Amino acid sequence: MKLLLAKAHIPNIRSYEVWKANGGYASVEKALKMTTDEIVEEVKKSGLRGRGGAGFPTGMKWSFIAKPEGVPRHLVVNADESEPGTFKDRYLMEFLPHLFIEGIIISSYALGSNTSYIYIRGEYAWIPDILNAAIAEAKAAGYLGKNILGTGFDLEIHVHRGAGAYICGEETALIESIEGKRGNPRIKPPFPAVQGLWMRPTVVNNVESIAAVSPIIEMGGEAYSKIGVGKSTGTKLISACGNINKPGVYEIDMTISVEEFIYSDAYCGGIANGKRLKACIPGGSSVPILPANLLLKTAKGEPRMMNYESLSDGGFQTGTMMGSGGFIVLDEDQCIVRHTMSLAHFYMHESCGQCSPCREGTGWMYRILKNIEYGKGKMKDIDLLWDVQRRIEGNTICPLGDAAAWPVAAAIRHFRDEFEWHVTHPEEAQVRNFGLAHYADERTVVAP
Amino acid sequence: MNIQFTAEKLLEVKDIIARYPDGKQKSALIPVLHLAQQEFGGWLDVPVMDYVASLLQLKPIEVYEVATFYSMFNMKPVGKYVLEVCQTGPCMICGSDRIIEHIQQKLGIKPGETTADGLFTLKPAECLGACGYAPMMQLGKHFKEHLTIEKVDAILDELRAAAQS
Numbered sequence: 000m001k002l003l004l005a006k007a008h009i010p011n012i013r014s015y016e017v018w019k020a021n022g023g024y025a026s027v028e029k030a031l032k033m034t035t036d037e038i039v040e041e042v043k044k045s046g047l048r049g050r051g052g053a054g055f056p057t058g059m060k061w062s063f064i065a066k067p068e069g070v071p072r073h074l075v076v077n078a079d080e081s082e083p084g085t086f087k088d089r090y091l092m093e094f095l096p097h098l099f100i101e102g103i104i105i106s107s108y109a110l111g112s113n114t115s116y117i118y119i120r121g122e123y124a125w126i127p128d129i130l131n132a133a134i135a136e137a138k139a140a141g142y143l144g145k146n147i148l149g150t151g152f153d154l155e156i157h158v159h160r161g162a163g164a165y166i167c168g169e170e171t172a173l174i175e176s177i178e179g180k181r182g183n184p185r186i187k188p189p190f191p192a193v194q195g196l197w198m199r200p201t202v203v204n205n206v207e208s209i210a211a212v213s214p215i216i217e218m219g220g221e222a223y224s225k226i227g228v229g230k231s232t233g234t235k236l237i238s239a240c241g242n243i244n245k246p247g248v249y250e251i252d253m254t255i256s257v258e259e260f261i262y263s264d265a266y267c268g269g270i271a272n273g274k275r276l277k278a279c280i281p282g283g284s285s286v287p288i289l290p291a292n293l294l295l296k297t298a299k300g301e302p303r304m305m306n307y308e309s310l311s312d313g314g315f316q317t318g319t320m321m322g323s324g325g326f327i328v329l330d331e332d333q334c335i336v337r338h339t340m341s342l343a344h345f346y347m348h349e350s351c352g353q354c355s356p357c358r359e360g361t362g363w364m365y366r367i368l369k370n371i372e373y374g375k376g377k378m379k380d381i382d383l384l385w386d387v388q389r390r391i392e393g394n395t396i397c398p399l400g401d402a403a404a405w406p407v408a409a410a411i412r413h414f415r416d417e418f419e420w421h422v423t424h425p426e427e428a429q430v431r432n433f434g435l436a437h438y439a440d441e442r443t444v445v446a447p
Numbered sequence: 000m001n002i003q004f005t006a007e008k009l010l011e012v013k014d015i016i017a018r019y020p021d022g023k024q025k026s027a028l029i030p031v032l033h034l035a036q037q038e039f040g041g042w043l044d045v046p047v048m049d050y051v052a053s054l055l056q057l058k059p060i061e062v063y064e065v066a067t068f069y070s071m072f073n074m075k076p077v078g079k080y081v082l083e084v085c086q087t088g089p090c091m092i093c094g095s096d097r098i099i100e101h102i103q104q105k106l107g108i109k110p111g112e113t114t115a116d117g118l119f120t121l122k123p124a125e126c127l128g129a130c131g132y133a134p135m136m137q138l139g140k141h142f143k144e145h146l147t148i149e150k151v152d153a154i155l156d157e158l159r160a161a162a163q164s
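Chains as they are written, first to last, in numbering that gives the first Met the number 0: chain A, 0 to 447; chain B, 0 to 164.
Treat the hints with care, as some may be off.
Here are the simulated DSSO-like cross-link-like pairs (lysine-lysine), alpha carbons at most 27 Å apart as the crow flies [to be verified]:
hint: 1; chain 1: B; residue 1: Lys143; chain 2: A; residue 2: Lys180
hint: 2; chain 1: A; residue 1: Lys145; chain 2: B; residue 2: Lys25
hint: 3; chain 1: A; residue 1: Lys180; chain 2: B; residue 2: Lys150
hint: 4; chain 1: A; residue 1: Lys245; chain 2: B; residue 2: Lys75
hint: 5; chain 1: A; residue 1: Lys44; chain 2: A; residue 2: Lys225
hint: 6; chain 1: A; residue 1: Lys180; chain 2: B; residue 2: Lys140
hint: 7; chain 1: A; residue 1: Lys180; chain 2: A; residue 2: Lys6
hint: 8; chain 1: A; residue 1: Lys44; chain 2: A; residue 2: Lys66
hint: 9; chain 1: A; residue 1: Lys274; chain 2: B; residue 2: Lys122
hint: 10; chain 1: A; residue 1: Lys66; chain 2: B; residue 2: Lys23
hint: 11; chain 1: B; residue 1: Lys109; chain 2: A; residue 2: Lys180
hint: 12; chain 1: B; residue 1: Lys105; chain 2: A; residue 2: Lys180
hint: 13; chain 1: A; residue 1: Lys375; chain 2: B; residue 2: Lys58
hint: 14; chain 1: B; residue 1: Lys122; chain 2: A; residue 2: Lys187
hint: 15; chain 1: A; residue 1: Lys138; chain 2: B; residue 2: Lys23
hint: 16; chain 1: B; residue 1: Lys105; chain 2: B; residue 2: Lys58
hint: 17; chain 1: B; residue 1: Lys105; chain 2: A; residue 2: Lys369
hint: 18; chain 1: B; residue 1: Lys8; chain 2: A; residue 2: Lys180
hint: 19; chain 1: A; residue 1: Lys369; chain 2: B; residue 2: Lys23
Just so you know, the hints here were simulated from the structure itself, not pulled from any lab data.
It should be emphasised that the depicted structure is a prediction, and the values quoted were computed from it without experimental measurement.
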């Protein structure tokens with residue numbers, strides 16, 4: 000089932016003419032004939048959950064926006080895609096800019112935003128040109144600017160480039176960044192819906208969430224909610240990478256199994272170079288890594304599915320999260336300690352430095368992991384590492400602390416043997432990897 | 000160097016400021032710093048930051064604290080070409096260590112250093128959002144993806160030739 004990428008294969012779909020000729024802007028025409036409350040209601044009915052990683056219901060987020068008399072409101076689209084393993088928003092913006100613009104127009108109308116901003120990570124330096132071209136085309140066609148389609152609704156969209164800071168994907172840090180400051184997250188409350196950008200009511204939504212608004216309006220919230228399963232409604236973009244045959248961006252309807260996603264030729268096409276699956280981080284680097292056995296089957300022995308509920312089945316003990324859909328696959332040759340060290344370095348580099356547990360803890364974790372990886376670790380370092388991550392989680396203003404702690408915790412939880420082997424075999428660990436070991440073995444089913 | 004935007008660039012600055020409400024010109028800071036870095040030698044020297052502060056009616060410290068926070072702003076001189084090779088998890092498991100190692104050997108520089116001829120700076124980067132096309136590097140405005148040793152050699156040769164012509 001393809002909703003977002005349904006037209007991605009059409010040549011020149013990036014241009015307004017081709018987009019329009021293929022049914023483009025029908026959802027905007029439809030939406031601007033509805034009331035703003037009706038649109039919010041459709042999005043609520045759709046069950047759409049924020050696609051940036053947290054999975055918070057989009058319609059509910061919209062209904063929180065404060066509407067004080069005479070104060071402008073803003074929609075800010077979070078295109079700061081920086082979670083390792085995630086490159087789906089880039090694909091949407093690069094290849095389907097008009098789908099994205101449609102979503103922004105409808106969402107801005109629903110929220111009462113007359114000036115909306117796209118905050119795009121600075122490294123995607125060529126994409127603002129694509130977006131600005133699409134914005135200019137939409138404006139020339141009367142879908143942006145003053146009095147859109149004679150409804151009296153005015154809208155300008157501006158692209159704002161960041162400059163390299165993962166933390167700016169956190170909504171309050173993003174707001175600070177647009178205000179021209181360091182990306183230090185704010186303490187909530189007040190929430191952005193009440194006091195956000197320039198202390199005005201603001202909604203920050205991920206690119207994919209906003210793009211999904213267009214098909215939701217076109218087909219109706221109820222029809223959208225029937226796609227998928229349970230509270231995992233609609234379609235989700237998965238950016239698959241790592242040691243697989245066919246890395247790329249795939250749209251799934253959340254009814255397929257993880258096994259099918261990895262091995263089917265319609266998706267990842269199996270593990271590259273005929274290797275075997277060792278581990279996977281299915282939702283961007285912040286979510287817990289799982290060994291092959293727990294990835295493919297839950298602790299109860301049921302096949303694990305590619306949806307919010309099934310991926311998190313078992314909690315952090317035996318499950319993980321859908322997160323941003325950044326699906327990172329590791330084959331049998333990969334070293335879990337080295338990979339975890341690499342991620343720890345990332346979080347150390349990206350911590351904004353505001354909260355001590357995160358600022359200091361991320362550095363501690365990286366240095367301990369580096370010692371273990373390079374054969375200088377002691378057994379008690381593994382416990383120390385566990386202790387440090389535990390003291391970061393939940394003790395910071397924003398979720399970056401948790402995001403840094405979880406990958407380390409999961410690596411120790413599921414791959415402790417491999418950490419211990421690095422300590423007991425410091426020289427051997429410099430010349431070979433621990434390998435697949437028993438991580439792919441059939442697991443003894445844990446009774447519920 | 001004369002630190003002054005051309006008339007054309009000043010118009011661009013004006014356009015950027017106009018994207019934000021009146022009195023919120025501080026919001027233009029990051030976009031204007033990008034422009035300044037591009038115009039004034041690829042990095043942000045103190046006089047450049049002071050110039051940006053005066054343009055946006057900010058205190059110099061407001062510019063320094065922002066410039067030093069974001070990793071795309073260079074706080075010291077860089078080569079004509081900055082090779083920003085991603086080293087984070089997904090790129091690492093696809094061989095980015097080998098790419099970084101190769102560039103170091105070939106150019107005789109360590110991460111963060113610039114070649115003596117001022118042509119190349121090696122700047123290992125954290126995840127750039129190209130995980131499915133790993134290993135990769137950012138080169139100016141664009142990404143070079145699916146890197147191999149051969150491909151890196153070809154890129155370096157091409158850049159050397161471009162610099163000479």
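Hints, verified against the model:
{"no.": "1", "hint": "B/Lys143 x A/Lys180", "verdict": "violated, 30 Å"}
{"no.": "2", "hint": "A/Lys145 x B/Lys25", "verdict": "holds, 26 Å"}
{"no.": "3", "hint": "A/Lys180 x B/Lys150", "verdict": "violated, 39 Å"}
{"no.": "4", "hint": "A/Lys245 x B/Lys75", "verdict": "violated, 40 Å"}
{"no.": "5", "hint": "A/Lys44 x A/Lys225", "verdict": "holds, 10 Å"}
{"no.": "6", "hint": "A/Lys180 x B/Lys140", "verdict": "holds, 23 Å"}
{"no.": "7", "hint": "A/Lys180 x A/Lys6", "verdict": "violated, 39 Å"}
{"no.": "8", "hint": "A/Lys44 x A/Lys66", "verdict": "holds, 22 Å"}
{"no.": "9", "hint": "A/Lys274 x B/Lys122", "verdict": "violated, 32 Å"}
{"no.": "10", "hint": "A/Lys66 x B/Lys23", "verdict": "holds, 21 Å"}
{"no.": "11", "hint": "B/Lys109 x A/Lys180", "verdict": "violated, 32 Å"}
{"no.": "12", "hint": "B/Lys105 x A/Lys180", "verdict": "violated, 39 Å"}
{"no.": "13", "hint": "A/Lys375 x B/Lys58", "verdict": "violated, 47 Å"}
{"no.": "14", "hint": "B/Lys122 x A/Lys187", "verdict": "violated, 35 Å"}
{"no.": "15", "hint": "A/Lys138 x B/Lys23", "verdict": "holds, 25 Å"}
{"no.": "16", "hint": "B/Lys105 x B/Lys58", "verdict": "violated, 43 Å"}
{"no.": "17", "hint": "B/Lys105 x A/Lys369", "verdict": "holds, 26 Å"}
{"no.": "18", "hint": "B/Lys8 x A/Lys180", "verdict": "holds, 23 Å"}
{"no.": "19", "hint": "A/Lys369 x B/Lys23", "verdict": "violated, 44 Å"}
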